[in-house]
Amino acid sequence: MRHTLAVLVENNPGVLARVAGLFSRRGFNIDSLAVGRTENPDVSRMTIVVEGDARVLEQVTKQLHKLVDVIKINDITADEYVDRELVLIKVNVGPAQRGEVMQIADVFRARIVDLGRKTLTLECTGNDGKINAFEESLRPYGIKELVRTGKIAMLRGFKYTGYHDNGTKEDN
Amino acid sequence: MKKTGAEILVQSLLAEGVDTIFGYPGGMVLPIYDALYDADLRHILTRHEQGAAHAADGYARASGKPGVCLATSGPGATNLVTGIANAYMDSIPMVAITGQVVTSLLGKDSFQEADITGITLPITKHNYLVKDVQDLAQTLREAFYIARTGRPGPVLIDIPRDVSGGTADYADPGPARLPGYSVNTKPDPEQVARAVRAIEESERPVIYAGGGVINGGAHEELLRLAEILLAPVATTLMGLGGFPGNHPLSVGMLGMHGSKYANYAVSECDLLIGVGVRFDDRVTSKLEAFAPGATIIHIDIDPAEIGKNVGVDIPVVGDVRNSLQKIIECLQPRLESRWRDKIQNWKKEYPIEFVENGRLKPQEVIKEMYNVTRGEVRVVTDVGQHQMWAAHYYTYHRPRTFITSGGLGTMGFGFPAALGVQVACPDETVLCITGDGSFQMNSQELATVVHYNLPVKIGIINNGYLGMVRQWQELFYNRRYSYVEITGPDFVKLAESYGAVGIRVSKKSEVREAMEEAMRVPGPVVIDFPIEREENVLPFVPPGEPINKMLG
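So the sequence lines, in the order shown, correspond to chains G and R.
So for the first sequence, the working numbering puts the first residue at 1; every next one is plus one.
So for the second sequence, the working numbering puts the first residue at 1; every next one is plus one.
One chain only, chain R, in its complex shape (with noise of 0.2 angstroms):
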């Protein structure tokens, strides 16, 4: 049957399983918002391209789904960049889709040209430029397989407008053939064998996860794992919800901003078995004085991982669930562990903690969130501070219920990404905890939540500072605090203009109040929390120093 390229896009959309696309039309799309204008597709219309690519990755982030953003050729296209630079560096599957001039005109500087394919080439697991409109069909059907196989990723399809005006038969392209692309889910049973000789021999050992748990459905066999050693659980910032907060073995975040028992333990176990993680630079800090006395256990997907930062005893290439389910059969269970009780005991003498003094802290406003929401809503954090505070007092009980920015730390990634989160679950509460810098950010968003009466919770950790970067300017730079003390409107007037409800808190008492009432209002609702300027997020360790040396 003829279809136009546009159908063909659009029949392949709902052929993947797509029900909504965040997009921002332009020229070069017109054809595809033509075919948009009746699909049976969800569009939601963002205030900027960027917006649009943060919530599509917030919607793939809580559903588990590909995300897909959609916008024209040029400036539409290079503002998608932040947003498909951010689910790289975090392995969330996303299709962004963007036009581009008709294919006469491409290399020409035309009007709107960018070269999109050039620019996302090191920000995506692949990408493509399609010159002809026969080819569409397939080349959709690469890009979801590609996007959601594996480790997740971002995968961009540059379509000219002639190929989305042209014709073609369309015909379902079948399976995706691509020689060059596998996918290794089954652990070697050699490894898998090694890796449980060096679980029974340890005394001390540590599980350190990561996002991988997440992405995998590995939730449950971690747990599975944890209980059967009675071995504390570390997680990563991407990792957290991964294991449930809290639970006895859960020792909360590792690294930069860690805790301390968290750090003590991974620098004295005799085994770390990491878990769908990448031994990023914020959780090692010092490479060389990382788990220095432990055998390394690492499991992922994707082979390049293994040994790309430390050295690696027992790699596990293969899905983290199907891994940790091979791995869990060979074991017995442990009946006591005097590992487990020191790490008890670090847990009780040295705690997260902070000095309250009459003024809103910010540790209070995050801990009063989790008591008013139970911990069941779906939190979205912008990056900076509050990122961090959210992480400490916010505890995190299931999987895809912490969204934030981790591997790119995007500030604006919040709030539209919640955006997308509350289009994936429109019967959850989502609760974005941003800051004033992070907010001010992407706040043009708050028209499209008003529009389509997405109901997100925004509460703003306002410092009037760009937090962090003063945090370091404080501690390192002799508190010479160079352009980070930061203006804002009045969030409370901003939000009313939209059209959305403000609240402005300015007590500890006021707290609770202020937040149950946000959870009344059937809408948007923005919470201004203006918080003590100063404070600091701690622990922390600083920059080049190993992990159990921890300020705070």
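The shape of chain G in the complex, shown without the other chains (with noise of 0.2 angstroms):
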């Protein structure tokens, strides 16, 4: 199953090394790994999204606790929250068809963000599943670059995966 961790990281260089290289080390499975910093600029925000049995999921954690520069390590797959991820496709597309992918950038609330010659460049965001969709949506047209960010998730209403300066590391 894939799991959702929100991880909450000292903004020290080396952080991503650290962390990226016990997943690989222990043989963990990263789908995706998405880093930036939070409101606090001593603090960043990894979004991992791990796939794995209940088993290797305690493992993940654990290990990923043992790191010094790993502040907070939240789960929220069994929770509510919002996901999303940005997508940059550039589909090769003369005047002829630009029509055609502008109705399906439409579908997709996608925008176009630059226009070529023989190019279009389109941004979308959305989770997973729609970025998928987008995605296979252009294939026809024939797509020259793709990249994507990684997902980044927040849960939804009152909670939170903050960090509380007391000195103390948090479980969830």
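Just so you know, not all the hints are guaranteed correct.
Residues of chain G clear of chain R, computed beta-carbon distances all greater than 12 angstroms [said to hold, decoys possible]:
1) 80
2) 105
3) 130
Mimicking DSSO-like on lysine-lysine, the simulated pairs with C-alpha atoms at most 30 angstroms apart in a straight line are [what the hints assert, rightly or not]:
4) 367/R to 507/R
5) 286/R to 348/R
6) 62/G to 65/R
7) 62/G to 186/R
8) 144/G to 118/G
9) 286/R to 66/G
10) 186/R to 66/G
11) 347/R to 549/R
12) 308/R to 62/G
13) 66/G to 65/R
14) 367/R to 549/R
15) 151/G to 308/R
16) 66/G to 131/R
Simulated restraints, written as ranges between beta carbons of each label pair [stated by the list, open to error]:
17) 144/G to 188/R: 50 to 58 angstroms
18) 171/R to 13/G: 19 to 27 angstroms
19) 140/G to 287/R: 49 to 57 angstroms
Calculated directly from the structure, the hints in this document are not laboratory data.
From the three backbone atoms N, C-alpha and C, an ideal C-beta is built for every residue, glycine too.
Take the two lone chains and join them into the complex the hints point to.
Here it is in structure tokens:
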């Protein structure tokens, strides 16, 4: 099963290498990993999508906790959460087919961010399923280039994955 | 007050209670060595950085305090790597300090530059590259705190030369502030209660004790638990000495080279109490067949060990000493146990034994070492057959008296580690039991022990083979002895050329006298024991078999 982990880490150099190295040497499978800073400049947040059964997930969580730079881990899979991914797709589209592609973009509420003589670049956000469907719809036109950010996620409602600066590590 | 980075380093080491460091100078640690020149710190100059790392490790294992080693950038730092990995695998508190090229040259493939924080990422508990001299004091405070608390381990601090040579205002940094690091020492009362119930309901309990008992100082509690339950105690290689080996409830070591009675006890128990252990493959062998009918209680300070290798029924996460105390408080002593009696019978029926044939046998050598030293010295081993014979035929009564490379299995560990043990315990006898292969991996440290007059006694169990590999080739590769026959120097002359005493023993009758002579010599002694060449370590669980299917 796929799990979505929200992980708060200290914004230190090398923290990504520590996390990525841990996954590769212990043989855990990362589906995606997105990282960026949070409202606190000292803290970065990773959203890690990892594949595994309950036992694997338990090990992933515990081993991550052992990294001194990891402040908090929240497995939000079972909770209500919002998740988004952003994709940029450049397709081979000349003037003749532009209309069709723009219609597809409309359906997915995607935006055209660049227009060339023979290409069209689109931006779309959504969850995994939507992004995959968008990609499939554009495939017949010829995808020249595609880049995805990896998923980011946040709990709905009052719950949150926060960081209290009281010098202790929290568990969920 | 303004201080240089190097002075801050020395000040911080003193503040952490460090009295000795093991190191080797070089270009990028020049400012540090300049500060050491008149510092109130003992520096032991080894002949190889690997020797410094193992010596710091041995010092830590003997004393319980973090061992400190120091090396320059590049090759100095990479030479520490095996020693750091060794300490990591056995959860030994250690702080490794390396010099690094100046910050402006970082990442430029500069002379003697190696990305040592990158290299040691998977073999340290944590590591640091200090880029600002202002951060140095706080970093050292954190490094020592991380190394010695919780499940101990090595921490590396990489210090560029312009940081050790720079200046900063120094003030004590106060306690370590690490939001991402916490140590859970108190066990969950609910799990303790479940453990107590399971123990009360058990008829055939076995205690499986490891290095965590020694790291956690829980040997007295372990003894009490065993005596309350009349339960046999099987230790891992790392756990030897954590329970008195001559106690009637001791069943010695379990696993691949465990005693038959220990492995039978584990295979037939209805409750297995793992204390400070990690269910390593050398212990469990075939996992599905390990303690198949048992409820498993696992007591450990590292939550990640719970369920890593085997499914655990009752996890008790906390300091092992504290956890055992909480459990013992709730238990009533057992007055009799048919299970204990059964195990006593197994002990009589299946002793660990060897065949005498008039030639010098390694087992006899080790037994005689025990007789002469009365089990009262610190034994340090290398890795291979001699290590297993030292585990089988020497009896360990107290914690920290058997020091060995368990997890990584590092040939070359023993002698430099013994040097570190001797520094930690200047008034005790340190006996290094090694092999001719292992000893040759770090024999250069003979110069160090002679220079500092560290009176380590080195017994070389010499069969002219890489014996453990030869044993596997004999048993599993049809005696095709591929590159395992190994020559060596005349060890007596080697010792003498360094200024140590060398003794050769060729007959069984000479072993005792040689050992007694070695003990009388006030300095380091090398004793060469040319033994029966193709002796095997038995009993032996072939790889992949359940632990009760033993050869020998």
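Status of the hints after comparison with the structure:
no.: 1; hint: 80; result: 27 angstroms, holds
no.: 2; hint: 105; result: 43 angstroms, holds
no.: 3; hint: 130; result: 35 angstroms, holds
no.: 4; hint: 367/R to 507/R; result: 14 angstroms, holds
no.: 5; hint: 286/R to 348/R; result: 26 angstroms, holds
no.: 6; hint: 62/G to 65/R; result: 27 angstroms, holds
no.: 7; hint: 62/G to 186/R; result: 17 angstroms, holds
no.: 8; hint: 144/G to 118/G; result: 11 angstroms, holds
no.: 9; hint: 286/R to 66/G; result: 28 angstroms, holds
no.: 10; hint: 186/R to 66/G; result: 17 angstroms, holds
no.: 11; hint: 347/R to 549/R; result: 16 angstroms, holds
no.: 12; hint: 308/R to 62/G; result: 10 angstroms, holds
no.: 13; hint: 66/G to 65/R; result: 22 angstroms, holds
no.: 14; hint: 367/R to 549/R; result: 26 angstroms, holds
no.: 15; hint: 151/G to 308/R; result: 28 angstroms, holds
no.: 16; hint: 66/G to 131/R; result: 24 angstroms, holds
no.: 17; hint: 144/G to 188/R: 50 to 58 angstroms; result: 56 angstroms, holds
no.: 18; hint: 171/R to 13/G: 19 to 27 angstroms; result: 25 angstroms, holds
no.: 19; hint: 140/G to 287/R: 49 to 57 angstroms; result: 50 angstroms, holds
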